[in-house]
Every structure is written in C-alpha cells, then in structure tokens.
Amino acid sequence: MSNDELPFPLDPVIEFYKKDVDRTLLVENLRLSVEDRLQNLQGMAEAFEALRRAGQELRARS
Amino acid sequence: MTDFGGLIRRLVEHHVEFILIGGVAATIHGSARFTQDVDIVYGRTAENLRRLVAALADSSPYLRGAPPGLPFRWDSETLERGLNFALTCTLGQIDLLGEITGGGGYTELLPASVTARAWDVEFRVLDLPALIRVKRAAGRPKDLESIAELEALYAERKRPRH
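Respectively, the protein sequence lines represent chains A and B. Just so we're aligned: 42 in the numbering used here is position 42 of the first sequence, and the numbers increase by one with no gaps anywhere. Take any residue in the second sequence, note its place counting from 1, add 62, and you have its number in the numbering used here.
Note that these hints are calculated values from the structure, not bench results. Here a beta-carbon is modelled for each residue, glycine too, at the ideal position from N, C-alpha and C. Hints may contain errors.
[As the list claims (entries may be wrong)] Result set (PhoX-like, lysine-lysine): computed pairs, CA atoms no more than 25 Å apart in a straight line: (1) A:K19 x B:K220; (2) B:K220 x A:K18; (3) A:K18 x B:K204; (4) B:K204 x A:K19.
[To be verified] If you anchor each label on the Cβ, the simulated ranges turn out as follows: (5) A:Q56 x B:G127: 14 to 20 Å; (6) B:P130 x A:E49: 20 to 26 Å; (7) A:R23 x B:T140: 43 to 49 Å.
Chain B on its own, in the form it takes in the complex (with noise of 0.2 Å):
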C-alpha cells in the first residue's frame, strides 16, 4: 500500500524539486477516483538528482514489475542514464517522470502548477487545465473516463457556488 503522504514528505524533507501529476493530482483537484501510486515530473539538475537519490535511498527502490534479482543501482547515474522510473519501494508505488507527452519536463510544466499543502508540508502540483491537457496530449484509452471527470471538475470549479 501507498504512503501517499510519507511520499511526499520525503521528497519535500529533501528539496526535491518536483511537481505532482497524475491521480494524486487529481485528488488534490477534487477527483473521486482511486489511485495506487504517486506520479511526480522531476527536475533533472545533477544536484536535484542527487536530492531524489537521498529521498529514497533508505526505502528501497527498486523497478517495479521487474524479476527479483535485477541489477538496479539506486544512484545519480542511475537517473542520469534514464528518464521515467516505475519504482516500488518500502513507501508504495512511485513514478518519476522526467519528461511527459504534451507537457515537458519540470520547467516547463512549472509555470502550470500550483502549491498544494498538505501532511504539514508545501509542493507542487500540476493545475487542472495542465492536468487535463497532458492526459488529454497522451491519448490513452485507459484516460478517457479521468479525463472526462476533470473536465466535470473543472465546470463544476467554474460554478459560482464555489
């Protein structure tokens, strides 16, 4: 099971600079539906990979779905060599995404994010138009029904009630 907040917390206690997307995001957002893992877009500065290394190095990541035994290396190299990791570690399931269809990297999607408090601490999070554009940009069939509440969320967001 995911520990959506000992995640994050973990990454904010380290300075990593990064900015929450996928179905967390969408939460943030309003969204009722269930999410196992935590996506994040990270930033790919050698010191920030070197913060992300430290977030997690004391949880074991390791690739998910890969056979056990794999040689994986948790190190700067690592993520230097790589771009997108599906990783499972002691605190649940996290992706880390250098680089999304429709959005970019880190930079350019930091002018379309927002900051979120929660579990005592402050991060980023994609924004509802960003999120429904790079869901929308990456065409998976399996995004159609969470793509079709965002867009209820965000006329319901545009409501004056709220």
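Chain A with its partners taken away, still in its complex shape (with noise of 0.2 Å):
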C-alpha cells in the first residue's frame, strides 16, 4: 500500500500486520448491507456464547 492512499502516515509495524488480514473477508463484508453485516455479529455472538456453556457443561463432567 502506498503512502498516498492513506491519511495517516505509514507505520512499518502495522504494514507488517496486514499481510495476514484476509482481505477478501472484507470485500465480502463490503457487499452486505450494515444490518447483514451486524446481524452477522449478533450470530458470532452467539454460536460463542453456545461454545462456551459446551466447554463449561464439558468441564463440569470432567
């Protein structure tokens, strides 16, 4: 990424993180509407909060 495309000035820290961002998650993000894209979020949120109670019901048989 050039320097121009940005308004901040290039930080070599964070241009060495960028090479592991998926960059096509974000084009798919980018065609979804916000209400799909938060709606997506309340799902993660949940399929997490449903992984945590098996871990915690794992645990408590353990």
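Using the hints, put the two standalone chains together into the complex.
The structure is reproduced here in structure tokens:
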C-alpha cells in the first residue's frame, strides 16, 4: 500500500500485520448492508456463547 | 452474551447523546473481527447523564470484573464523579467512555462521526478514518491487528468497485 492511499503516515509495524489480513472477507463484508454485518456479529456472539456453555458442561462432567 | 441491538436501541430510545466506537463500529464499517462489547463515547452534560442512567436503569448495570457486593450506585452522581465505566448488565457488556485518547470527548468526536441505521433506529458512529486515528493514538499492542484490518478496509473502500 502506498502512503498516498491512507490519511496517516505509514507505520511499518502496522504494515507488517497487514500481510495477515484476509481481504477476501473484507470485500465480502463490504458487499453486505450494515444491517447484515451487524446480524452476522450477533450470530457470532450467539455461536461464541453456545461454545462457551458447551465447554463449561464438558468441564463439569470431567 | 451481548445483545448489541438491544443496548443501542435502548440508548437511542432514551435520546442519549453518544457515538459508537470500537469493535461494533468496526463491524459497521466492514470489519470481519469479533467483539463482545459495545463501546460508546457519551456526552457529559447533566441532562445526558440523566438520560444514560434512565436508559440502563432496568438492566442492572454493574462494574465489570468488580467483586460481587461492591457498593455501586447507578445514578447521575456516580457518572458525574467518574469518566470511563466498563459495565456488565442484563443486555451484555458496555463500555461508557467520557473521553478517548487521540479523540477527546463527545463534542470533539461528533464532526468525525456518521449516521448509521440498524435495528430500526439511527445512531452516530465514528467514521473509519477517525476510528483508525484513535486506535493508533491509543498505542495498545492488542490493537495492531485491528488497525491493520481497518486500514486495509479503508483501502478497499477507496477502490472504485465499492
């Protein structure tokens, strides 16, 4: 990315982290509406909570 | 689990002056990262503190991570005496920030916010360049991946296809 594309000075540490950014996910998200992006976030929160409870039950049984 | 829509709707319905920042704001701008809480910068006027208190009053707000039984009163005086509050309530986790590093308070951030519409309400969200700016200013190592993603988003949004 060139310096001209961002309204900030280039930071070499941040640039290092950019190589791991999955840009295909970003492109997909940008195609979604704001409502859909937030609905996905709520879905992730529900999945996270379900997994957390499953882990708790597993630990309680063992 | 945080009910993101429930919290934000509650704030809007009580006419709280706030700007959404943090992970939910990043999601609105297109981030693919997960967050578990709602972060807002709220106005510090006496009237707004009263509205904020009313908005969360029936959701039992309590200091997140504080030991149970610690005296905590959810009222305007408590908000007046403090500035930033990390709360847990029946609707989930919410961070109330009176000021943020590199951004200031509600009034300073307002020109760098945009209106978003979701959950049948409209609310202010920090715009993407400002979100990047305040995360850079905070200088927290844990934000580096997030900043990298937000800057990649900024570049993607500048591309003609969007």
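Hint check results:
no.	hint	verdict
1	A:K19 x B:K220	holds, 19 Å
2	B:K220 x A:K18	holds, 17 Å
3	A:K18 x B:K204	holds, 14 Å
4	B:K204 x A:K19	holds, 17 Å
5	A:Q56 x B:G127: 14 to 20 Å	holds, 19 Å
6	B:P130 x A:E49: 20 to 26 Å	holds, 21 Å
7	A:R23 x B:T140: 43 to 49 Å	holds, 44 Å
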